[in-house]
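Undergrad: Read off the chains here:
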Amino acid sequence: MAGADVAAGSVEEVFRAEFGRVVAALTRRFGDLDLAEEMAQEAVVEALRRWPRDGVPPNPGGWLTTTARNRAVDRLRRESTREARHLEAHMLAEGTDPMEPVSSVADERLRLLFTCCHPALAQEAQVALTLRLLGGLSVAEVASAFLVPERTMAQRITRAKRKIRVARIPYRVPRDAELPARLRGVLATVFLVFNEGYLASSGETLVRTDLCGEAVRLGRLLRDLMPDEPEVAGLLALMLLVEARSAAREAGGVLVPLGEQDRRLWRRDLLDEGQELVRWCLRRGRPGPYQLMAAVNAVHADARSGSETDWAQVLELYDQLYAVSASPVVALNRAVALAEVEGAAAALAVVDGLGLEGYHPFHATRADLLRRLGRAEDAAGEYRLAIETAGNRAERAFLQGRLDAL
Amino acid sequence: MTLYLLSVMGTAGDPAPSAEETDRMYAAVGTFNKKIQGSGAWVFAGGLHGIESATVVDGTGTETIVTDGPYSEAKEFLGGFWVVRAPDLDAALELAAEGSAACGAKVEVRPFQDDTEA
Numbered sequence: 530m531a532g533a534d535v536a537a538g539s540v541e542e543v544f545r546a547e548f549g550r551v552v553a554a555l556t557r558r559f560g561d562l563d564l565a566e567e568m569a570q571e572a573v574v575e576a577l578r579r580w581p582r583d584g585v586p587p588n589p590g591g592w593l594t595t596t597a598r599n600r601a602v603d604r605l606r607r608e609s610t611r612e613a614r615h616l617e618a619h620m621l622a623e624g625t626d627p628m629e630p631v632s633s634v635a636d637e638r639l640r641l642l643f644t645c646c647h648p649a650l651a652q653e654a655q656v657a658l659t660l661r662l663l664g665g666l667s668v669a670e671v672a673s674a675f676l677v678p679e680r681t682m683a684q685r686i687t688r689a690k691r692k693i694r695v696a697r698i699p700y701r702v703p704r705d706a707e708l709p710a711r712l713r714g715v716l717a718t719v720f721l722v723f724n725e726g727y728l729a730s731s732g733e734t735l736v737r738t739d740l741c742g743e744a745v746r747l748g749r750l751l752r753d754l755m756p757d758e759p760e761v762a763g764l765l766a767l768m769l770l771v772e773a774r775s776a777a778r779e780a781g782g783v784l785v786p787l788g789e790q791d792r793r794l795w796r797r798d799l800l801d802e803g804q805e806l807v808r809w810c811l812r813r814g815r816p817g818p819y820q821l822m823a824a825v826n827a828v829h830a831d832a833r834s835g836s837e838t839d840w841a842q843v844l845e846l847y848d849q850l851y852a853v854s855a856s857p858v859v860a861l862n863r864a865v866a867l868a869e870v871e872g873a874a875a876a877l878a879v880v881d882g883l884g885l886e887g888y889h890p891f892h893a894t895r896a897d898l899l900r901r902l903g904r905a906e907d908a909a910g911e912y913r914l915a916i917e918t919a920g921n922r923a924e925r926a927f928l929q930g931r932l933d934a935l
Numbered sequence: 078m079t080l081y082l083l084s085v086m087g088t089a090g091d092p093a094p095s096a097e098e099t100d101r102m103y104a105a106v107g108t109f110n111k112k113i114q115g116s117g118a119w120v121f122a123g124g125l126h127g128i129e130s131a132t133v134v135d136g137t138g139t140e141t142i143v144t145d146g147p148y149s150e151a152k153e154f155l156g157g158f159w160v161v162r163a164p165d166l167d168a169a170l171e172l173a174a175e176g177s178a179a180c181g182a183k184v185e186v187r188p189f190q191d192d193t194e195a
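In order, the protein sequence lines correspond to chains A and B.
Start counting the first sequence at 530; every next residue gets the next number (the numbering used here).
Start counting the second sequence at 78; every next residue gets the next number (the numbering used here).
What you were told as hints is all true, and nothing was included just to trick you.
Which residues of chain B face chain A? A few of them, derived with a C-beta cut under 8 angstroms, are:
{"#": "1", "residue": "Thr79"}
{"#": "2", "residue": "Asp165"}
{"#": "3", "residue": "Leu166"}
{"#": "4", "residue": "Asp167"}
{"#": "5", "residue": "Pro188"}
Short, incomplete list of chain A residues facing chain B, as computed with Cβ under 8 angstroms:
{"#": "6", "residue": "Ala649"}
{"#": "7", "residue": "Val695"}
{"#": "8", "residue": "Ala696"}
{"#": "9", "residue": "Arg697"}
{"#": "10", "residue": "Ile698"}
{"#": "11", "residue": "Pro699"}
To be clear, the hints were calculated from the coordinates, so they are not data collected in a lab.
Idealized CB from N, CA, C, for every residue including glycine.
Just chain A, same shape as in the assembly (with noise of 0.2 angstroms):
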């Protein structure tokens, strides 16, 4: 029973790692991403039922191709119309043309990234698409992740593959021309995933833990396809250094602030890896804003205490996040690191101009400020609307407990 229990789990890994290559092969070859994921998830029913009685196989993700390939094969001989209208139609255009400049960069689950997270599909199709084909996730587990029921999110599924299909998004690495503009998209949709993983915008648990290890293993994955682009490394770098703090910001379903966090619960694994990372990115010298807010995280991983934080450091990072992305939010967040180096009040004029009202970590530090600056009656108001506008319950227990020891 055990032994059945471990193998199970193997070939969960394995699924999980191989999923999108498989379906990155069979959507080059058969130019159809439906049939692509069919066949990966036939394969996997397969392997669930074979490899626990047989052992696994010596190259799973092999075997997983090559299984899901000759199932492809034998459905489009039984369909020999769908067959022929697949050899017409190129379902999906795949970028063969011998006049088309050729990438820099190449791999089969690229294209497939690409083609997942193309502009032309909605943020929320992008999300979905990536977690389903590239991560492997379950229509259901995509669902449960985003708080909607699985008929919802397979429509959404469906209706991007086939906006895909009929408006033919290329299955292609966009050209080097068009590659900086792209891979923003990818990174984006990446860290929306790894941010709603770490910040629940709604829900009961403060971190949902799945999203945030797929929004990591995402993260790898395209380090590994694109090793040599920075803004990547700064993305992986920054999910790294955040997930490790994972443990210590959340007791007894309250949010616990950095600076009060108990740092001996933070992962040293990923901030060693992390601050590897954001050491690479320093060498390279073409900061972006994903190495920025690394590099920020990567000064908190550094001091032994909220008390020893390199505050000036981080109000210097800021200052160029902001001149290389400037807005409204990374606006607050740098006044955040200014309440440390020049003080709350002047943090708070800062903030008062911002015009974030609504967006509750806006209230929120606004209320902290107010808060330090003594101004009693004017925090409990801020916190109150602090706690109106956070979706999230352990962020509304952390914010009333301040109200309450006003």
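Following the hints, put chain B in place on chain A, whose structure we already have.
TA: For chain B alone, kept in the frame of chain A given last:
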């Protein structure tokens, strides 16, 4: 190759462009049209008169009903269109971006059914 409809979207109530702006727009669209005629992407294109010139015909019942005015109450309306031939959506989006810049309006891109041409 796939056929795409590039619809030029206008909004009712937008201020009318000056004669100078209109001339510049016609010139830019003319240049773009020549370019895509030369590249082989061109299938057909046309600009439409305003929605006040529209008539709706309903022939679905036993009696044909004709009414004055546009079909939709929406503020957005079709101002003109291109039908282009492109290898994939990225190529169509590139054409749409150029067309949009030329005519000074947003462009909606949609694939035709019967997606492949011989």
